[in-house]
Every structure is written in C-alpha cells, then in structure tokens.
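Visitor: Okay, here's what each chain looks like letter by letter:
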Amino acid sequence: MPNDNEIIDNIANKEYEFGFVTDIEMDILPAGLNENTIRYISEKKKEPEWLLNWRLKGFQAFQKQKLPEWQNFQLPPIDFQKISYYAAPRNKKKYNSLDEVDPELLATFEKLGIPLSEQKALTGVAVDAVFDSISIATTYKDKLKELGIIFCSFGEAVQEHPELVQKYVGSVVPHSDNIFAALNASVFSDGSFVYIPKGVRCPMELSTYFRINTENTGQFERTLIIADEGSYVSYLEGCTAPMRDENQLHAAVVELVALENAEIKYSTVQNWYPGDKDGKGGIYNFVTKRGICKGANAKISWTQVETGSAITWKYPSVILQGDNSTGEFYSVAVTRNRQIADTGTKMYHIGRNTRSRIISKGISAGHGNNSYRGLVQIGPKADQARNFTQCDSLLIGDQCGAHTFPYIESKNNTATVEHEATTSKIGEDQIFYLNQRGIDSEKAVALIINGYAKEVLNQLPMEFAVEAQKLLSITLEGSVG
Amino acid sequence: MLTIKNLHAEVEEKQILKGINLSVNAGEVHAIMGPNGSGKSSLASVLAGRENYQVTQGEVFFSGLNLLDMSPEVRAREGLFLAFQYPIEIPGVSNINFLKTALAEIRAHKGLPPLDAKEFLRLSREKQKLVEFDAQLVNRSLNEGFSGGEKKRNEIFQLAMLEPKLSILDETDSGLDIDALRIVSKGVNKLRSENNAFIIITHYQRLLEYIVPDFVHVLYDGRIVKSGTKELALELEEKGYDWLKEEAREKATTI
Ligand SMILES: Nc1ncnc2c1ncn2[C@@H]1O[C@H](COP(=O)(O)OP(=O)(O)O)[C@@H](O)[C@H]1O
Ligand SMILES: [Mg+2]
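If you read the protein sequences in the order shown, they are chains R and X.
By my numbering, the letter at position 249 of the first sequence is numbered 249, and the numbering carries on one by one without gaps.
By my numbering, the letter at position 147 of the second sequence is numbered 147, and the numbering carries on one by one without gaps.
Do not take every clue at face value.
One-sided excerpt, in silico: chain X residues whose CB lies under 7 Å from chain R [to be verified]:
| no. | residue |
| --- | --- |
| 1 | LEU68 |
| 2 | ALA76 |
| 3 | ARG77 |
| 4 | ILE88 |
| 5 | ILE96 |
| 6 | THR101 |
| 7 | ALA102 |
Simulated from the structure, these hints should not be mistaken for lab results.
Where is the CB? At the ideal position from N, CA and C, for every residue including glycine.
Between the sequences and the hints, there should be enough to build the whole structure, so can you do that?
Guide: Structure (structure tokens):
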C-alpha cells in the first residue's frame, strides 16, 4: 500500500520547528551532582535553611533509589554526573521590570509565540516564562494581586510567601516519592507558584512556558498550585527545546492542592524536542504530577497534549480524599519516529462518592511506541466510588505500537469501575475518500486526527485548543506525499 | 467533457481494464451495466485516481486536461465526483465540518474564498432539502454508524453540495429500498443540467426508469462490449448478460 508507506516516510521526515538556540551569556554550573551542587543552588537562590535541609533530605532519598525497571521500554542509562544542574542567563539575578530583561531573551519567547510584554500578550492569559533554570518574567502580576492571587516564580514565592511554600511543598509529592522526584527535590531550580484565595475565581488563564536552551543541562522545575476553599483556577503549561544530538533530562514536579469546593484545571501542551528520525537526541521527560482533592466537592482535572520528547514518562494523578470529589484525566499522546510515550494516570479513591474519569487517546506513527498505563484504586471507605476509563489507540502505518496497561484495585464492593478500549488505524481508504472530495492527504490526516482527539482538545482553554489542534497537525504533517 | 481512449489498467499485476473507450459530453447521462467483477468499480477507481491501480496503456482527458497526470484531490477539485459503492466511515469527523473543508478546497482551486459560516449554512440547508437528506445526519460523524441506505444518500448530499462537473455513481441504488431509490433519483434529476454529466453504474434497470440515461454501455471482462440507448437496459433485464458474454467470446476468438 504505497499510500500508507508514504504516510510513514513523511511523518518521519517532518522537522521540529522550535529547534533554534538562543545565543546568550549564561552562568552554568559545571556538570556533577553532590551535596555542594545542592548547597550552591540553594545559596544562589538565597533560600532559608529549612528549604536547604529539605533539599538535602531529597538528595539522600535520591542516592538510595534505583532507576525503575517496570516500564515497557528500554531505559537508556543516565549519567547523573554528566548533567549540569543550574544554568541561568548572566545578568542581574532578578528583573524588576521587562525593560531589564535581555532583549535576546524577549525575542526568544516572542519567536516561540509567547510575547511577554503585556501590550502584546495574549489577552486573558498571564504567563510565567522559565528559561533554563530561571523564571524570566511573569505577566499581569499586579492585576492578579488585586484579587489576592499570587502568581510568581517558585523562587520568589520562597522569599515572599515562605509560610505557604513550607506548608505545602512536598505535601503531595514527597521528597522521596520516586527517584526523579527525589532528584527534583534536591536540585529544583525554579518553576511557578500559584495561590488562589478563598472564594476567588481566577479571571484569566495562568500559564507557564518552559524553555530549555543550554546544552547538557537538565531542567528541574517545581510547580505548586494551591486553590483555597471555593476557588477556581485554570492553568496551562507549554514547553520547547532546541534540537541537540544529546538527550536532555527534564524531571519536573507538579503539586496541586484543591481544598473544599475548589477546582483546579491543569493543562499541558508538551512539545519538547523529540529527537531526530533515527532517535538521536531529544528530551527525556520524566515528570511527577499529582494533585490532591483535600476537601469535599473538590475537583482536579488534568488535560495533556503530548507531542514532543524522546521519552515521555508521566502519570498525572489525583488523590480523591474529600467526599464527593472528582478527578479527571484527558490525554492525547503522539509518538512518531522513535519516540516513546508511557503515560496515563492514577486515581486514588479515598473519600465517599468520589468520581474519576479517564479519557486517553494515543496516536502512534512511524516507529513510535505509545503505552497507556493507568491505576484506579478504590479504598475501603470509598463507598459508591465511580470510575470510567476510555482508552483509544490510533495507528498510522504498521511499524508503530500501542499498548494498554490498566490496573484496577478495589477494596470496596459498592464501587463501579468501567473500562473501554479501542484500537483503530487510519486507513488508506479513509484518506482516499477525503482525497476524492478535494482534500489533500495532509489535511485529511489532520482532519482525522483532530476528530479523534476532539474529546480531549475540547477540554483545553479556548485560547489553546486551536493551538493544540495546529500542533497536532504540524506534528503529523507531511504525513503524505 | 470526458474522453477515455484505449484505457488499460491493472491491480496487483492482474489486468482488469482491457481497452476502454468512452466519450461523455456535458448534459449527458451514461449508464454502465455489466455482471459482477467485470471492472465497473475499477473503472471508477482509475478515473478517481486510486493508487493501487496502475494504468498500463491509454489516456483520459477531462475538460481538456490529462486526467491521469492529476492527483486524486486535484481531479476532485476539477469537478470529478465519485459516489462510492462502499462509502467510508470516518469517526470523530463531523459530516458538516468535512463538507466545509472539502468545499473550501474546491473553491480555493477556483480562486474563490471559502463561504462564510452563514452562506455555508444556507447552502447546506438548501441542498438537504433538494435531496431530502436528514438534518440529523448532517451533524453526525461522517458515515459512522449510518445504515447502508443512509450512507448512499449521504453520497448524493455531498454531490449536491460540491456541484461537480462529472459525477460517477457506483451502484448507488444497491441497498436502497424503493422509497429511498425514488428520493435519490429525484435528487439526481434535479441536479442534472446542461453543464454537468453523470456516469451511473448499476446492475438494475429499475434505477434507469427514474434516471433516464442517454446511453447505456455494457462492461464485460474489462471492455465495453455493447453500447446503445436506454432500450438496451430493458433488453438486458429481459435476457440477462449471457448472450453478450457469448458474443464477446466469439469476437475474442475470431480476432
Ligand atoms: N485490490 C484488488 N486486488 C485484486 N483484485 C481486485 C482488486 N480490486 C478489484 N479486483 C478484481 O478486479 C475485478 C473487477 O472488480 P470490480 O471493478 O470491483 O468489478 P465490478 O464493480 O464490475 O463488480 C474483479 O475480478 C476483482 O476481483
Ligand atoms: Mg462494483
């Protein structure tokens, strides 16, 4: 079937469009990882002693742990001593206004479609821009402050709101949770911090944009979002990296805390450099994301569109502690060339009448490998808990793979757990049918993919749904000749 | 409008079309009949540009252009429409969104901007009425879960929306009950004009009572073995294909 083969070839040949490098003077810590690395970072950031101690505890936990072996792919060896753990644009340590930011940096973000000057910024979206280890700028900060909303870099939160940070950091993802979370706890550089006060509905999308630039550095950001009682926030994270032949490690941690009646919507459009068509280079995206619905009627919703990275390994999870709380997970993961995605979610039903909904859509092309791995755990007190899981896989060509690993553990027989799974292929017939109506093959693939992923894309904030749709099309562009 | 000269084509190294000659002018309706497996759908596929068919000899001109040089989507944009014998299901893609995309591509090819939302909606309503197509089906996923008859009627709705120059209907009548057949035929008759043409592939004379053809051709074993007017269809209905097969075989041996 020539058409199918062409699809595969062309998907494989599509280039990554954010692969440029910003030429800027950087302060880079030499590669290597030991206690001094951690002390250096902590000192550089003028951190209080409790935080340094917490980092050091994280480092001890890291040293005790081994790389996991349960994954459905060959994990390449990672030499943690060859990575630099801190890289920041040389200049002042803190920017007081955008005027002080290196124009080269502003241009970088503008080129990525993230203008940081408020005149040009997307209306209705406040952005925290992180470049390598450092937060460059946060837009609309003052406007949010009027409502009592705190949206700033993690580093700034440590200085300005230490009591909040100390109370919640590590409360959802402990310093010893897993090897990458422990590594993050020890060397995390920056990230975003959000606090929404009681009863406040955040009037705009909050967004963080992560950019890895420097060679041989890892990116270890930490995000903490706290939605106080009865509040609401929608948060979006985006990311890109230059094309490099070496693999780079991204080991972030995201913690969400939703108190009684609060709702957090967390969306990710992940577009790290995926490596070239032979699998050379690309980001290892090993991220720990977890939220807790602490109070009754709380809701946490994860939406992710995963198109980048050489290896993606993440399971955004929700601990449903409060009665009647809700956890949701909506995911589209695309793998092509030699990309690997092992992703899914974990829903821990603890409280009564807790509900979770999982919609996972995998798309594999070329030699891509896509696994869904999900855990639904129902505790003994979770009376009437309900879960619905739908796991779909779409294959383009016959060299790619899709796998589903659903785990269900129920300790309460009043609970209902439903699981549905489908696998389909984009057929030559479908493409020809659309061709015959005047639609070229590239658009045909885009149309089919967007139709397939619609249920997930619809969950994204309006401003980003269109972008994500385009990203999916671009990622699979050239799918045909 | 369409000129087919000595067309030979094969699929998977098997010769299917063995020298087809056919001319279709604007304003005409041609019927192609013939037993199963004689190559009717293959002819439609080759004209539409399906990639698994290799043309080994002959040429085809469409509105003065070399059809065989064009990609399937360009053929469609130039005004060639195939109503599929087995329409394809595309889950998640809404019928209407698909048609909007298709129409925009065809218009762009003619240098026209896409219709705005209001104009498009108006056009869609008008055509739904013209071919009596269920409004609910318009918003559903493309052919997904449609009954056989609904799929066929959707093909005619698409035809009405895209207003092609040449429409090839491949057994659109099979799987339709008598009421649906009447509706579809009525739709096609309304769409007939001096400027367009139809090739109607069918097994049954029944359809040709509703859509009256100017010419009837019989395709057998990759060749057109007999052409005539609408009376030929009646004769076939009465006598079957065997006498033609016999004739064709005799011809082949005398050559
Ligand atoms: N993809 C294919 N591979 C092999 N043979 C095919 C293929 N498609 C059609 N054929 C063969 O071509 C011949 C003509 O088929 P078709 O054009 O569908 O006939 P009709 O539409 O007149 O019934 C048949 O013998 C059929 O088996
Ligand atoms: Mg046929």
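Visitor: Which earlier hints turn out false for this structure, listed by number in ascending order?
Guide: 1 and 5
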